[in-house]
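Peer 1: Chain by chain, the residues run as shown.
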Amino acid sequence: MLTGEGLSGGHAVGPVFVQLEGAFDNRRYRPEQWEQARQDALQLIEDKSNIGGVAAEVLSAHRMMLEDPDLIGFIREASEQGSLLEIRQLVQERFVAPLEDLDDDYMRSRAEDIREVLDEWCQFVSSGSNIPIRLQNPVIVVGERISTEWLLSQDLTLIQGIILVHGTATMHLAIIARNMGIPILRVTKEVYAQVCQAVWISLDADAGMIRVSSTPIHETQHKGGCSPRVHKRIPVVYKGEVVEVRANVGSVAECERAIHTGADGIGLFRTELAFATAERNVANVADHTDVYSRALDVINGLPLTIRALDIGADKSVAGVPMDIEPNPQLGRRGIRYLQRHPDLLRTQLEGLQSAGAGRPLEIMFPMVADPSEWQFAIAMTREIFEGYQGPLSLGVMLEVPAAGLLLPELRSSGVDFISIGTNDLTQYLVARDREADWNLRSEILPVLRFVHYVMTLAPVHAAVCGELGGNTALTPLLLAMGVREFSVSIPAVGRVKERVSQSQYIDTDKVLSLLWECHDDNELLSRLHVIP
Amino acid sequence: MVTCKIEITNPVGLHARPAAEFVRVAQKYRATITVRYEKREVNAKSILGVLSLGVKAHEQVILIAEGVDEQTALDALTSNLRSASTL
Numbered sequence: 020m021l022t023g024e025g026l027s028g029g030h031a032v033g034p035v036f037v038q039l040e041g042a043f044d045n046r047r048y049r050p051e052q053w054e055q056a057r058q059d060a061l062q063l064i065e066d067k068s069n070i071g072g073v074a075a076e077v078l079s080a081h082r083m084m085l086e087d088p089d090l091i092g093f094i095r096e097a098s099e100q101g102s103l104l105e106i107r108q109l110v111q112e113r114f115v116a117p118l119e120d121l122d123d124d125y126m127r128s129r130a131e132d133i134r135e136v137l138d139e140w141c142q143f144v145s146s147g148s149n150i151p152i153r154l155q156n157p158v159i160v161v162g163e164r165i166s167t168e169w170l171l172s173q174d175l176t177l178i179q180g181i182i183l184v185h186g187t188a189t190m191h192l193a194i195i196a197r198n199m200g201i202p203i204l205r206v207t208k209e210v211y212a213q214v215c216q217a218v219w220i221s222l223d224a225d226a227g228m229i230r231v232s233s234t235p236i237h238e239t240q241h242k243g244g245c246s247p248r249v250h251k252r253i254p255v256v257y258k259g260e261v262v263e264v265r266a267n268v269g270s271v272a273e274c275e276r277a278i279h280t281g282a283d284g285i286g287l288f289r290t291e292l293a294f295a296t297a298e299r300n301v302a303n304v305a306d307h308t309d310v311y312s313r314a315l316d317v318i319n320g321l322p323l324t325i326r327a328l329d330i331g332a333d334k335s336v337a338g339v340p341m342d343i344e345p346n347p348q349l350g351r352r353g354i355r356y357l358q359r360h361p362d363l364l365r366t367q368l369e370g371l372q373s374a375g376a377g378r379p380l381e382i383m384f385p386m387v388a389d390p391s392e393w394q395f396a397i398a399m400t401r402e403i404f405e406g407y408q409g410p411l412s413l414g415v416m417l418e419v420p421a422a423g424l425l426l427p428e429l430r431s432s433g434v435d436f437i438s439i440g441t442n443d444l445t446q447y448l449v450a451r452d453r454e455a456d457w458n459l460r461s462e463i464l465p466v467l468r469f470v471h472y473v474m475t476l477a478p479v480h481a482a483v484c485g486e487l488g489g490n491t492a493l494t495p496l497l498l499a500m501g502v503r504e505f506s507v508s509i510p511a512v513g514r515v516k517e518r519v520s521q522s523q524y525i526d527t528d529k530v531l532s533l534l535w536e537c538h539d540d541n542e543l544l545s546r547l548h549v550i551p
Numbered sequence: 161m162v163t164c165k166i167e168i169t170n171p172v173g174l175h176a177r178p179a180a181e182f183v184r185v186a187q188k189y190r191a192t193i194t195v196r197y198e199k200r201e202v203n204a205k206s207i208l209g210v211l212s213l214g215v216k217a218h219e220q221v222i223l224i225a226e227g228v229d230e231q232t233a234l235d236a237l238t239s240n241l242r243s244a245s246t247l
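Note that the protein sequences, when read in sequence, are chains A and B. Numbering of the first sequence is given in my numbering, commencing with residue 20 and proceeding in unit increments. Numbering of the second sequence is given in my numbering, commencing with residue 161 and proceeding in unit increments.
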């Protein structure tokens, strides 16, 4: 058993992939070639600029270093006479060593960052291009140093773990890895040499242990008798953008389960239950505050979208008066109901405001069909949240087709996001009760085409929170249409994440017309499943 | 040439994000701007230079600006350092 120091927690099992440090030639390059290489390195960062989150901050720090006037001037002068390796050495002495010498972990990490940026630059000078090998299978990456740029050029879901010799817990690579749930172990050169010889590795970065093997290690063998682990939250990426896979829940206990399952947050928190209390006829502000603040505590900084009370039609809440209507499905549901009972919404929003206590909040309103209903919702929300310290994002649950067609108008009146509730959207699009037997071909296709069309009307952050989002046959299509968030039932979180990470770009129009040629539901399903 | 002495009140010192923001402000001006700390001087427009000073909280630095917009540059930088301390 070998040991190391964990820089990012977790455990992993997998085959070894040795990432050798880039070898540089030692020729002389003209100052213009250094400048061109610098531009190429900046372009590489630019290409990845939509990655978001911590990684984006790291890249922005790297860009700042590549644009540092002292560094540029120093290299321009040095390149008049020095060779590549000489210049690299001089830069290290001039810029890296002073930081390494400071008695400060933070500074030593920045020293690593400069070294990384410098090596990236040198790589471009010496090769003219820098296209790394792309990983195809899940591996444990082993290298003396692993650069952030290299890591971000890979499909992160394939990187099970990292073993390196040089690094600190505060280096950018470690920050990203922790955020992505990738364990990192730092080892000595001797251990590194042994690890490089192995075929398979099992590593536990929490305990600092590594087991090497010349044959594949099976997961069960590794876990042997351990209590079931909480699933790691591993973000998935599509075309360089992080796609959130969140969960639909109706209670605080479900929030907790969702987070333990590896969900990236809650995309739909149904609040009908929060209105029903044993003590009172209907929940008061304190009751609401209690529920939402516990939910926010449980999700601990992950995003949470709360849906305002959605009753009417098939949903009722004890203690909340219902209107008798001849056609409740098309009646006063969701926001329409709240417009007639504004005190219920006010109580709920006041509870949310006090539970939020400056934490980020996302609130969405159900059944919004036109901008005037939306105006009612945001006027009250803005009044109650006046002076709120944290970020507040407001959206509509897209269930009524009219709201999709009015997306540009809704966007310009302050809608920050849409969450497509495909269950009701389908029943309203095809005018058939959602409980009735449904036919794939005549129901899914109009919905897909509708979503596709709506997404072209105005740029907006779009989530799918209905059952369609949990159907992994449709995941590549929805991604290609621009959906960047899925909110699904808790058990579906894992498989949707997996499907997102495997999805390639497809031509939506082509696939949609292909589907139309199917003769029955079976054929349709099988065609959907072969979409890459 | 204008100069000014200022205490770094940000609890992390002139590190990380405060350093990056300070440098970004400096880069907006044409004046040559120098940060002097203990006996060393670095270019305020260089993140590598500013980081290498390793200025900790509650220590003093001297800012020296020289050029057409030296006074506005100095004002912007001192206000940047003061506002950063309240974060």
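To be clear, the hints were calculated from the coordinates, so they are not data collected in a lab. It is possible that some hints are incorrect.
Said to hold, decoys possible - Looking from chain B toward chain A, a few residues come up when the C-beta cut is under 7 Å (computed):
1) LYS199
2) ASN203
3) SER206
4) LEU208
5) GLY209
6) SER212
7) GLY214
8) HIS218
9) ILE222
10) ILE224
C-beta atoms are modelled at their ideal positions from N, C-alpha and C, and glycine is treated no differently.
Peer 1: Go through the numbered hints given earlier and state which of them the structure violates, listing their numbers in rising order.
Peer 2: 1, 8, 9, 10
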